[in-house]
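2 protein chains.
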Amino acid sequence: MTVIRPAGVALLMTGDELMRGDTVDSNSAHIAQALTERGVVVREKTTVGDDRDLLLETIARLAKDHDVLIINGGLGPTSDDLTSEVVAQLANTPLKEHPDARSHVEAWCQRLGVTPNESNLKQAKVPFGATLIDNPTGSAMGFSTDIYRCRVITTPGVPRELKAMMASVLALTSERITTQNAHTRRLQTFGIGESTIQQLLNDSELPWPPSVNLGFRAGMPQLELKLTVNNEDDLPQQQHCFEQLNALFGDHILGEGDTTLASALQQTLRAQGKTVTAAESCTGGLIASMITREPGSSAIFNAGYVTYANASKRDTLGVSQEDLDKHGAVSEPVVRQMLAGALERSGADIGIAVSGIAGPSGGTDEKPVGTVWLAWGSKDAMQSHCVVIPGSRDLFQNLVAAAGLDLMRRQLLALPAQPHYFTRKTQ
Amino acid sequence: MTVIRPAGVALLMTGDELMRGDTVDSNSAHIAQALTERGVVVREKTTVGDDRDLLLETIARLAKDHDVLIINGGLGPTSDDLTSEVVAQLANTPLKEHPDARSHVEAWCQRLGVTPNESNLKQAKVPFGATLIDNPTGSAMGFSTDIYRCRVITTPGVPRELKAMMASVLALTSERITTQNAHTRRLQTFGIGESTIQQLLNDSELPWPPSVNLGFRAGMPQLELKLTVNNEDDLPQQQHCFEQLNALFGDHILGEGDTTLASALQQTLRAQGKTVTAAESCTGGLIASMITREPGSSAIFNAGYVTYANASKRDTLGVSQEDLDKHGAVSEPVVRQMLAGALERSGADIGIAVSGIAGPSGGTDEKPVGTVWLAWGSKDAMQSHCVVIPGSRDLFQNLVAAAGLDLMRRQLLALPAQPHYFTRKTQ
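Protein chains in written order, with our numbering: chain A, 227 to 653; chain B, 227 to 653.
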């Protein structure tokens with residue numbers, strides 16, 4: 227008879243602060259990411275507070291169903307910290323002071339110039355027979371022991387300490403679970419949504435090899451695509467899929483890895499030996515800020531202009547008062563003059579100008595909140611367009627700034643001037 | 227015989243991206259915090275991927291053990307999004323298109339100028355008989371239905387959409403669980419850390435009433451303090467504690483609720499009928515962007531100058547070329563001239579100028595990466611100071627921008643000119 231049992235890795239995060247929402251848990255993402263890079267996807271993650279009965283019940287359940295259970299938190303010195311005690315109970319073994327853990331605590335206290343007290347020494351107690359895991363940056367050592375046939379690995383909740391212990395955690399995990407190095411290519415895209423990408427792939431009716439996993443990660447404002455294969459032999463398939471995506475919507479792909487709109491723009495500008503400027507009304511400095519957030523931006527950016535008031539559009543960028551009066555600040559002539567003024571003042575080769583109604587007030591029937599005029603390009607090749615982006619002020623500013631960077635990238639690379647996001651409601 | 231059954235609220239977070247660690251889950255903290263403020267602490271939180279069997283098993287288990295189960299994620303348009311389908315199956319009811327949900331999807335698509343496709347319309351299907359939850363900022367409506375005797379509430383995974391739906395989620399929760407209004411006062415502070423606050427409180431030796439809970443929530447760059455009492459009778463105690471905090475470090479308190487550095491500054495400027503400007507080098511537009519992120523900023527902000535290159539400091543703001551050559555861009559004479567130029571050009575009453583080395587390159591022995599000169603104030607009351615903020619480019623830019631806003635607030639309110647964060651390494 228073959229017994230089929232559930233397998234894989236579970237995570238248990240503990241701490242009252244997580245249940246109250248006082249702390250955003252980044253530790254579990256860190257553990258999950260490290261495992262995923264080795265081809266292991268966490269099956270279940272559960273979070274409970276510092277409650278003995280609930281910890282007993284939850285650890286028993288997770289240990290029954292998994293090969294490996296990684297517990298984070300509850301190894302501290304206070305009476306709330308119950309992990310060692312509960313694991314010992316479930317492992318049917320006494321909680322005992324471990325001589326190496328005691329030396330570790332004593333050495334730690336000595337570094338801090340304090341005498342170990344009872345609370346500190348509590349951290350030296352682990353389930354009898356457990357394997358210790360060194361903690362180079364904190365007083366609480368982790369440990370590993372078995373409950374049922376599950377390997378239970380405990381780690382401290384301080385992010386820095388957890389990170390320093392991850393290599394040991396992965397080594398202990400790989401003794402029970404087959405791990406491998408997954409091969410992932412991450413592509414950064416802008417201006418195209420997950421559902422449109424799925425639709426384009428379906429419509430293309432191109433065969434998609436089952437060995438290549440396509441994942442999405444929604445950022446703001448970018449969308450990341452991940453092409454993952456678990457086997458080196460499948461790398462040509464991965465390359466094939468990459469080319470397929472590139473053929474379908476290559477102009478929306480900014481680059482690989484951690485490429486941002488601003489870093490893609492910077493790279494293109496550097497390659498062409500050009501500089502950029504921005505004349506901003508409704509984005510209020512956000513475009514310049516995105517450009518200069520990237521290291522090395524001084525090579526491609528000299529000056530930006532936040533011309534929020536009409537007088538400043540006129541005085542700083544030379545926009546005609548007559549056009550401001552006649553067409554309003556949110557108009558094609560005004561953004562084109564803003565761009566011309568910024569290009570001239572800064573001496574930049576290419577630029578972006580935006581003027582719009584970020585809201586929540588200031589909208590009219592003719593120009594509702596979310597209306598924005600953009601002008602971009604060089605002195606001799608200026609383009610302009612109006613879009614309406616409904617939603618919050620924050621979303622509006624972020625999308626307008628992102629589109630501004632993208633439109634310059636498109637012009638520099640001679641990509642289609644009408645990106646996907648211009649097929650939305652435009653004027 | 228009395229059947230004792232477990233009770234309370236459970237959360238279920240879904241999505242492969244959470245299991246792979248691609249996304250740090252902030253939604254569950256948001257939900258937990260909102261519940262905690264109403265006296266309800268989440269009992270268990272479980273996270274699983276987009277896996278039908280595991281979702282069935284997990285939702286069944288959590289529904290059996292709790293009065294309310296809040297599910298987040300899996301309401302999107304793609305085939306990975308399984309929440310509605312799985313909940314319908316467990317609720318023993320068919321998945322049907324809801325006319326109101328269909329109208330919602332259609333209206334949403336119309337606003338975006340697209341025709342609803344099959345993927346979009348999938349979002350109109352909910353378990354038959356479920357109560358819809360309006361989603362004012364997205365296409366996916368949530369819904370509420372019963373599984374066993376548990377109220378199951380579903381919400382979308384996009385943080386902005388979840389936030390806009392929380393009031394409805396809380397109302398639906400309170401129909402099954404006794405909630406109370408804990409009385410919380412949230413204070414926003416800048417420039418002082420949690421451990422310093424604790425230390426100041428300890429040193430003050432003032433009695434702290436046990437009925438008032440003091441909580442901290444680290445934001446970037448602000449720190450939020452929460453004073454919570456569970457009983458209306460304790461409101462005077464809460465007020466007493468508030469006054470105590472105010473006496474100890476009131477100049478670091480920006481305001482209550484969601485006050486930001488920029489909104490506190492805007493409020494002060496409005497009250498005094500003044501306007502502000504910024505001349506930015508190393509922050510590259512971030513200060514102007516923070517000011518204009520706040521609604522209503524046009525009342526207090528007319529223009530900002532991103533003078534990244536030396537030539538632009540000279541041409542736009544009138545900084546002397548001689549001083550640039552002699553002292554370098556990161557120097558006291560240069561930031562003071564930048565400020566003077568920005569005040570004159572914009573006509574603003576008060577302003578901030580910053581010039582520093584954001585890194586990662588560009589540092590010298592004399593001026594290491596992280597060195598920044600700030601000048602702030604009005605034409606007749608100009609102050610300047612140099613600080614060194616080591617760390618990443620991102621952290622540097624954010625802290626310099628935040629300090630810039632705070633220094634202007636301090637001058638306007640005639641608060642101590644040397645805030646706590648200047649006691650760090652300064653020049």
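These aren't lab readings, by the way, just hints derived from the structure by calculation. Computed from a predicted model, the values in this text were never measured in an experiment. Among the hints, erroneous ones may be present.
What the hints assert, rightly or not - Taking lysine to aspartate or glutamate and the EDC-like style, the derived pairs with C-alpha atoms no more than 20 Å apart in a straight line are: (1) A:Lys290 with B:Glu283; (2) A:Lys452 with B:Asp429; (3) A:Lys290 with A:Asp279; (4) A:Lys552 with A:Asp575; (5) A:Lys322 with A:Glu344; (6) A:Lys290 with B:Glu344; (7) B:Lys290 with B:Asp279; (8) A:Lys290 with B:Asp279; (9) B:Lys290 with A:Asp291; (10) B:Lys290 with A:Asp279; (11) B:Lys452 with A:Asp248; (12) A:Lys322 with A:Asp291; (13) B:Lys389 with A:Asp620; (14) B:Lys351 with B:Asp306; (15) B:Lys452 with A:Asp291; (16) B:Lys452 with A:Asp242.
Stated by the list, open to error - Reference listing, derived: stretches of chain A covered by chain B, where coverage requires no fewer than 3 residues with Cβ under 8 Å from a Cβ of chain B: (17) 254-268; (18) 528-540; (19) 610-619.
C-beta: ideal position from N, C-alpha, C; glycine also.
*Determine which of the earlier numbered hints do not hold for this structure and return their numbers in increasing order.*
2, 4, 6, 12 and 15
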